[in-house]
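Novice: One-letter residues, chain by chain:
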Amino acid sequence: MDRTATRERIDALIAPFNKKGVAITDASTFAGDLEFDSLTVMDFVAAIEDEFDIIISMNQQAEIETYGQLIDAVVKLQG
Amino acid sequence: MDDLFSKFDPLIEQRRALLATGVTDPFSLVMERVVSPTVAICNGRETILLGTYNYMGMTFDPDVIDAGKQALDDFGSGTTGSRVLNGTYAGHRAVEDALKEFYAMDHAMVFSTGYQANLGIISTIAGKGDYIVLDIDSHASIWDGCKMGDAEVVPFRHNDIEAMEKRLKRIPEGAGKLVILEGVYSMLGDIAPLKDMIKVAKDNGAMVLVDEAHSMGFIGPNGRGVAEDQGVLDQVDFVIGTFSKSVGTVGGFCVSNHPKFEIMRLVCRPYVFTASLPPSVVATAATSIRKLMHAGNKRAHLWENSRTLHKGLRDLGFQLGTTEPQSAIIAVIMPDLERGAMMWEALLEEGLYVNLARPPATPAGMTLLRCSLCAEHTAEQVQTVIGRFERAGRKAGIL
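Protein chains in written order, with our numbering: chain Y, 1 to 79; chain S, 80 to 478.
None of these hints come from the bench; they were simulated from the model.
Cβ coordinates follow ideal geometry from the N, Cα and C atoms, glycine included.
Just to be clear, a hint being listed does not mean it is correct.
Okay, the calculated bits of chain Y under chain S, using three or more residues with CB under 8 Å as the criterion [claimed, not checked]:
(1) 37-51
(2) 70-76
Okay, derived cross-link-like pairs now, EDC-like style, lysine to aspartate or glutamate, Cα gap no bigger than 16 Å in a straight line [stated by the list, open to error]:
(3) Lys281/S - Asp316/S
(4) Lys245/S - Glu63/Y
(5) Lys256/S - Asp11/Y
(6) Lys76/Y - Asp53/Y
(7) Lys245/S - Asp43/Y
(8) Lys248/S - Glu63/Y
(9) Lys256/S - Asp316/S
(10) Lys245/S - Asp53/Y
(11) Lys274/S - Asp209/S
(12) Lys248/S - Glu51/Y
(13) Lys245/S - Asp50/Y
(14) Lys226/S - Glu63/Y
Derived Cβ-Cβ restraints for the label pairs, each shown as a range [unchecked claim]:
(15) Thr103/S - Ala15/Y: 39 to 47 Å
(16) Ile120/S - Gly68/Y: 36 to 44 Å
(17) Pro272/S - Gln69/Y: 50 to 58 Å
(18) Glu63/Y - Asp394/S: 44 to 52 Å
(19) Leu77/Y - Leu478/S: 36 to 44 Å
(20) Glu63/Y - Asp145/S: 50 to 58 Å
(21) Glu428/S - Glu63/Y: 43 to 51 Å
Generate coordinates for the entire structure from the input sequences, incorporating the hints supplied.
Specialist: This is the structure we're talking about:
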């Protein structure tokens with residue numbers, strides 16, 4: 001799946017977690033802009049893992065700070 | 080120069096704000112004198128201990144005390160060395176033999192703390208390229224062991240069998256897999272559905288490690304823990320446990336039937352690069368473990384205490400961590416940290432000690448007053464405890 005299609009699916013997944021309705025760009029950070037706590041991160045990551053049938057280990061999550069980095073990682077993990 | 084401590088500023092501020100309300104600091108209590116497994120003197124007041132994990136009340140057992148004194152006389156105050164150098168005494172072998180008998184397993188390895196047992200075993204057996212699948216509510220020592228070992232770490236929602244299975248199935252072919260579970264989760268006192276979870280883990284080719292720190296001595300027909308109680312102990316590759324709860328001293332261990340287990344003694348760094356436990360500690364542990372093999376009556380009384388307290392607190396209107404008592408831990412859920420600290424202080428003034436647990440140790444950002452019962456609590460003490468909870472609950476505005 002290309003980046004645009006991947007992004008569209010992640011856009012749909014993040015909506016219920018974006019409780020403050022923050023306008024999300026590739027540069028948005030999860031901890032800062034989106035104010036995700038650790039439980040929200042776990043549920044959001046689980047939703048993405050289930051949607052794409054992939055594993056995003058905590059080691060990989062540690063490298064992902066922004067929305068754009070997440071999309072890139074998911075594109076790569078789909079192989 | 081950047082101050083490396085600036086990262087702690089939010090916590091420093093949270094503490095300052097809490098203490099500014101005039102509440103006693105819940106994290107600097109001193110036990111001035113300890114009278115028994117269930118009573119101590121705190122701030123000059125006789126206090127019932129209901130937050131010590133001293134489940135089987137072995138800390139003042141006369142046989143245990145005698146064994147410790149004898150070992151002090153015979154072997155001195157400490158070993159001053161690693162288990163692999165000069166730190167293995169007869170007592171270290173004896174406590175490992177007691178553990179092998181207690182669990183009916185082939186191998187036992189004793190660490191200086193329970194934290195080090197998890198840190199050492201997990202980081203050593205799951206390395207780079209391996210996958211660890213674990214419950215999100217796992218203890219800090221499990222998380223730290225994962226981090227130290229460089230394995231890929233994949234958490235799943237607490238006790239969610241389906242979420243665990245999905246993650247196991249996604250692991251690349253040929254990668255090593257370790258599933259880590261706990262028998263009793265210490266924050267809410269709930270148990271894991273180990274029978275079903277271990278089956279899924281095994282069906283997917285994973286090895287299984289279960290931390291039974293909060294169930295040893297108490298849960299299961301022989302006190303071997305939740306895996307024994309659910310009839311699946313023979314499916315567990317590694318059981319992690321501690322001496323600092325039911326056993327009543329300090330230390331940690333791993334028991335296993337893995338045929339190559341003994342190599343751990345040479346490759347496990349938290350085992351090799353630490354001084355071994357003092358002779359008195361392993362002597363008290365061995366004596367206590369052997370007595371716990373025949374503690375059926377105490378186990379029954381502890382279950383009675385747990386059920387009575389759970390029902391008493393629920394009937395008063397407190398919100399509890401589990402709908403039924405599943406272990407010797409009863410967690411009382413507080414509306415927030417401030418009122419939790421007020422309630423904790425009110426209980427202490429009543430002469431009752433419980434644990435105040437707060438994020439990040441707790442799941443879902445909860446503040447908990449965690450009660451752990453002891454087989455040495457009398458039925459009368461448990462009724463006294465319920466009465467003190469009622470008065471403190473009204474004082475703190477929780478009830």
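Novice: Does each hint hold? Answer for all of them.
Specialist: For each hint, the structure was consulted:
With 8 residues bearing a CB less than 8 Å from a CB of chain S, the region 37-51 of chain Y meets the requirement of three and the coverage assertion stands. With 0 residues having a beta carbon nearer than 8 Å to a beta carbon of chain S, the region 70-76 of chain Y misses the requirement of three or more and the stated coverage is violated. At most 16 Å may separate the alpha-carbon atoms for a hinted pair to count; Lys281/S and Asp316/S meet this at roughly 10 Å. Simply put, Lys245/S and Glu63/Y have alpha-carbon atoms about 23 Å apart, too far for the 16 Å limit, and the pair is violated.
A hinted pair counts as satisfied when its Cα atoms are at most 16 Å apart, and Lys256/S with Asp11/Y does not qualify at roughly 32 Å. Restraint check for Lys76/Y and Asp53/Y: the C-alpha separation of about 13 Å stays at or below 16 Å, so the hint holds. Between the alpha carbons of Lys245/S and Asp43/Y the distance comes to roughly 14 Å, so the proposed pair stays at or under 16 Å and holds. Restraint check for Lys248/S and Glu63/Y: not satisfied, since their Cα atoms lie roughly 24 Å apart, outside the 16 Å limit.
Proximity of Lys256/S to Asp316/S is assessed by CA-CA distance (about 12 Å); at most 16 Å being required, the pair is judged to hold. Simply put, Lys245/S and Asp53/Y have alpha-carbon atoms about 9 Å apart, close enough for the 16 Å limit, and the pair holds. Pair hint Lys274/S plus Asp209/S does not hold up; C-alpha atoms about 24 Å apart against a cutoff of 16 Å. Annotation: proposed proximity of Lys248/S to Glu51/Y holds, straight-line Cα distance about 14 Å (limit 16 Å).
Restraint check: the Cα-Cα separation between Lys245/S and Asp50/Y comes to about 8 Å, which is no more than 16 Å; the hinted pair holds. A threshold of 16 Å between alpha carbons decides the hint, and for Lys226/S with Glu63/Y the separation of about 14 Å falls inside it, so the pair holds. The supplied range of 39 to 47 Å is met by Thr103/S and Ala15/Y, whose beta-carbon atoms lie about 45 Å from each other. Between Ile120/S and Gly68/Y the Cβ separation comes to about 59 Å, which falls outside the hinted range of 36 to 44 Å.
A beta carbon spacing of about 36 Å between Pro272/S and Gln69/Y contradicts the range 50 to 58 Å that was offered as a hint. Take Glu63/Y and Asp394/S: their Cβ atoms lie about 51 Å apart, and the range 44 to 52 Å holds. Distance hint check for Leu77/Y and Leu478/S: the Cβ-Cβ separation is about 51 Å, which falls outside the suggested range of 36 to 44 Å. Distance hint for Glu63/Y and Asp145/S: a CB-CB separation of about 56 Å, consistent with the stated range 50 to 58 Å.
Separated by about 49 Å at the C-beta atoms, Glu428/S and Glu63/Y satisfy the suggested range of 43 to 51 Å.
The structure does not agree with the numbered hints 2, 4, 5, 8, 11, 16, 17, 19 stated previously, though it agrees with the rest.
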